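Residue numbers (this note's numbering), protein chains in the order written: chain W, -17 to 397; chain B, 6 to 312; chain A, 4 to 311.
One thing to keep in mind: the hints can contain errors.
To be verified - Cross-link-like lysine-lysine pairs, in silico, BS3-like; alpha carbons within 27 angstroms at most:
#, chain 1, residue 1, chain 2, residue 2
1, B, Lys21, B, Lys210
2, A, Lys231, B, Lys50
3, W, Lys344, A, Lys118
4, B, Lys21, A, Lys231
5, W, Lys344, A, Lys95
6, B, Lys169, B, Lys13
Stated by the list, open to error - Pair by pair, the computed Cβ-Cβ distance ranges are:
#, chain 1, residue 1, chain 2, residue 2, range
7, A, Asp167, W, Ala194, 53 to 63 angstroms
8, A, Pro217, W, Asp31, 54 to 64 angstroms
9, W, Glu374, A, Lys108, 29 to 39 angstroms
As the list claims (entries may be wrong) - A few chain B residues that don't get close to chain W, going by computed Cβ distances all over 10 angstroms:
#, residue
10, Asp17
11, Tyr77
12, Pro251
Simulated from the structure, these hints should not be mistaken for laboratory data.
Every value quoted in this text rests on a predicted model; they were computed, and no experiment measured them.
All C-beta atoms in this analysis are idealised placements derived from N, C-alpha and C, irrespective of residue type, glycine included.
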Amino acid sequence: MQRELLTGNGAAAWGARLARIEYLPAFPITPQTEIIETLSQWIDSGEMDCRMVTMDSEHSMITAAGAAAVTGVRACTATSSQGLLHGMEMLYTVAGWRAPFVLINVSRGLAAPITLEPDHNDILSARDSSCIQLHCSTCQEVVDHMLIAFRLAESEEVRLPVIVNLDGFYLSFTREVVQLPDPQAADAFLPPYPSSSSLRFRAHEPVSAGVAVLGGSTYSYFRYQAHLASLQALPRYEKICLDFANIFGREYGPLEEYRNEDAQYVFVMIGSYATKAKQAVDSLREAGWKIGLVRPRMLRPYPEAPLCAALQGKKGVAVIDQNISMGKGGILYTELKSALYGHPGAPLLASFIGGLGGRDIKEEEFFEMATVLKQASATATPPPPRLLYTEEEMREMRALQTIAGAIPTVQGESR
Amino acid sequence: MTNTTAFKSKRDLPQKHILGTGTPMCPGCGGLAALHEIYDIMGDKTVFVNAAGCMTLLSVYPFTPFRGAWLYTAMASAPAGAQGVRDALDILKAKRTIKPDDDLEVIVLTGDGSAYGMGISATSGAIDRDLNFIYLCYDNEGYGNTGHQYSAATPHGVKTATSKGSRGYPGYKKDLFSIWAAHKPTYVATIIAAEPLDLAQKIAKASSLNGPRLLLALAPCPTGWSFDPSLSIEIGKKAVQTGVWPLKEYVDGEVVHTKIPKNRLPVEEYLKLQGRYDHLFHPQRDKKTLQEIQDRIDAYWHKVEYN
Amino acid sequence: MYRIRFHGRGGQGVKTASRILGRAFFKEGYDVQDAPRYGAERRGAPIFAYVRASRTPIHERGIIQRPDCIVVVDDTLMPVPAAAILQGCEQKTLVLIISDLPAEKWTHRLQIQGKVLCLPKSVAGKGSPLLWGMACVGAVTRLLGVLSREALTDALRQELVTLDSAAAEQSSSTALQYFDKMAATQIVIQESSPAAATTYTSPRWLDMPMEIGPQTAPAIYAGATSEKLATGLWRTQRPIIDYTVCNRCWWLCSTFCPEGAIHVDSEGFPQIDYTHCKGCLVCLVQCPTHAIQALPEQEASRLSGEEK
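Work out the full structure, taking the sequences as your base and the hints as a guide.
What follows is the structure, encoded as structure tokens:
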């Protein structure tokens, strides 16, 4: 195993290379593009045996990836934000084909207003597409989960696209120390694309895929089968992670629990910002707090049982959503609340929305969230949802609005 | 074709520049140079309907260089946005909710990534529907805003972020002018900032017409093409003088070349100024590719001159 | 943990410098995180990059709020508010600036709390501005006191592979030269611990009010507001018109300026708007009478008496 310094994008590219992908339909979009650039250079130099095609859009790109997968090659593709949304019709479609391939999504906020920096509304908009979702928080997890993702997608009982998600900027452009899996070990872990399966178009072997149905009962059957396959991906993922740990020595699972065992209070969040929460947990522990972090790696299927078990008996849980469902609130909060409903001993939940469009979450904000959570737990009164947004940010916003001619010039301020 | 516009000589070019300074475009941006020349003529009674590309960053809250209107749509659908704006203005005019003087010229603004690729379906549809609009593509021959990967507008042999091999991009630049002209719209023209008089005459002509009017501006890109920003206009001139970028227009079913280079310079004069072609000259000359590029240009002009 | 933040402009090797430092830490067995941060990814525009290094796993992420060392590759950025160079600067912070001005002058002018150390601009000789970044990374590597010359040499070799051999050699030798020079100073960059949860300042969150009106959509209700942005700060070379040579053709430089930053006055002379001119020098190349010359920005501002 080789120790390397890699960005999240570099790690994703290495993961695809180690997975010996055979086909890469691509389309550039910030902050993902470095992945396809890196792979294209390896393909040009002969270091990878893979065909890359720059398509005309993400809609075409996802179609091609799914079509190649059902024709019988290992396909991989990558996008971000608007690209994921542009391809959304096909994401649902190829998942319905039961096409196993891996899509890397580099999370970035959605338009309008268009932006470049990360949040999770892009990936969460794919929540109901039947694609499996794996969320990474370090560059190491990215490279490892590329291998895991192909195993999972290609499992006969799953046969669904898997999305490996990493945050733009905070992972995509950030270099970290990564243990690069040894190619032979990667080959041992991930066998070649299953050529024996039903995934093939060949002469003399009639197959009509992705066909239409008329009538709700036929439709219901296929749709519910995809749901059951998705549910099955949870135990399957756990098993693949065990295999992975046996070969590579790194342990994964649907949840990462950090200093959670004796914790009375817990942060719940996904993605790269969760490592900031770890830092905050360390600092708070030093100050005498019994606090931990629970981070779902797998978000679809939803790891309901593991989450309920991990949070059972806690005093309070702060769910930090880097997304927002307009008219409802934080999506992770909403889902966790539904999972815990009716469970005796369920903890008090507090909802925080922060990190939208790449807004930083500062150390003191984690400390403050812990304080709010503790006070709310003491009185058993859930606090109202809180957007992490300071008075100073509002002042700055007012100055921008003034320049934009959207509000009258603020009295006493000259710019 | 006789020039009936107000622009007879360079002395007639606008003296006042009205596109705001302070944009985040790269120093020496050939696309911005074209846009500001165009804006001087079109003026602020315009709404620019934008597709994702470098110029999306022209308007980043709360800053915009435009004195008129702007609407960012998405990468694939700017012409559809133009349709909505045009139709709405027409409805309001018909109902006399707005005065004729409140009307705007609707201008789609896209890069080649959208124009040659993802946006071509929406463009084709808008021409089919005879939409009364102007379409302006700033063509920097690659996906510039993401770091210059090859696009359908990338010429043969060019090194881009996704064609770094020794032979560069294996494909050929798509002939978007002909694709547009095949729709038989009102007007199609190629332009370039380095030829401001030709550009001004074409913009003035396009403004005087109705229906779909499409403009394709070659946009030398210091960042993506790898040349010193100070050479931006010089490279544009060379593109015309070597015959790489034919200046022409399609109107009334005819294609007319507005500037036929008399003593066409060898294409190398254009190529060697740009880092993206370095591999054709160093470490050794790629004679075959250079000859192929020259032959294709010669063949094009042979047809023009002998037809 | 060590937290080092680099500031400079696109094209001055800021990202490369941060990667070299990250790689040197990596060579010495540290856990490392390095990342560039772009605003507009344009040549000449202010950018920054950061490096974290620790003997224990790093959980912090994103922008460094409280740096142990601030490295300024281009001192023209010092007073630019948008560059936010002194953000989080404390007494123990070392501010390392490539500048011909004495350190005391910067300390006094910007009321810098930390220690200031200036490296003269001549460091990079007449070479490309990329070398400023190299001088900085050489100096910082030495001032940390925990990284060997070998680690730096190795890091330079690995991170400069994309350069041609002559440029890589020049970059490497500049960095190593500055590593060696710093042996004479007593300054050592101190690592610091993370913020304590016991003594933090409340973030002063606000309940966002519900508003009705045009301001709630991302729209700008004014024209040409971009003129408030002083893109002249991107400029490293300043075009200067010699009006004794200018023949008042007026349309050439003015029309070709991609920014629209050259206006023609009532007498027909072109006037450059230096607040917005990005210094692309298209005007210089296009001027038929060669009436336009370029001067390095700092020299030009000194000559015109802008330096205070």
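Going through the hints against the structure:
1. Pair hint Lys21/B plus Lys210/B holds up; C-alpha atoms about 20 angstroms apart against a cutoff of 27 angstroms.
2. For the hint pairing Lys231/A with Lys50/B, the CA-to-CA distance comes to about 22 angstroms; that is within 27 angstroms, so the pair holds.
3. The straight-line distance between the Cα atoms of Lys344/W and Lys118/A is roughly 26 angstroms, inside the 27 angstroms bound, and the hint therefore holds.
4. Our distance criterion of 27 angstroms between C-alpha atoms is met by Lys21/B and Lys231/A, whose separation comes to about 19 angstroms.
5. Proposed proximity of Lys344/W and Lys95/A is supported: the alpha carbons are some 21 angstroms apart, at most 27 angstroms.
6. Only pairs whose Cα atoms come within 27 angstroms are accepted, and Lys169/B paired with Lys13/B is rejected, the gap being roughly 45 angstroms.
7. In this structure the supplied range 53 to 63 angstroms holds for Asp167/A paired with Ala194/W, their Cβ-Cβ distance being about 58 angstroms.
8. Restraint check, Pro217/A to Asp31/W: a C-beta distance of roughly 56 angstroms satisfies the suggested window 54 to 64 angstroms.
9. A hinted range of 29 to 39 angstroms holds for the C-beta pair Glu374/W and Lys108/A, which are about 31 angstroms apart.
10. At roughly 34 angstroms, the least C-beta separation between Asp17/B and chain W is larger than 10 angstroms, which holds for a residue marked as non-interface.
11. A beta-carbon of chain W is positioned within 10 angstroms of the beta-carbon of Tyr77/B; the least distance is around 6 angstroms.
12. No beta-carbon of chain W comes within 10 angstroms of the beta-carbon of Pro251/B; the shortest separation is about 25 angstroms.
In summary, the numbered hints that this structure violates are 6, 11.
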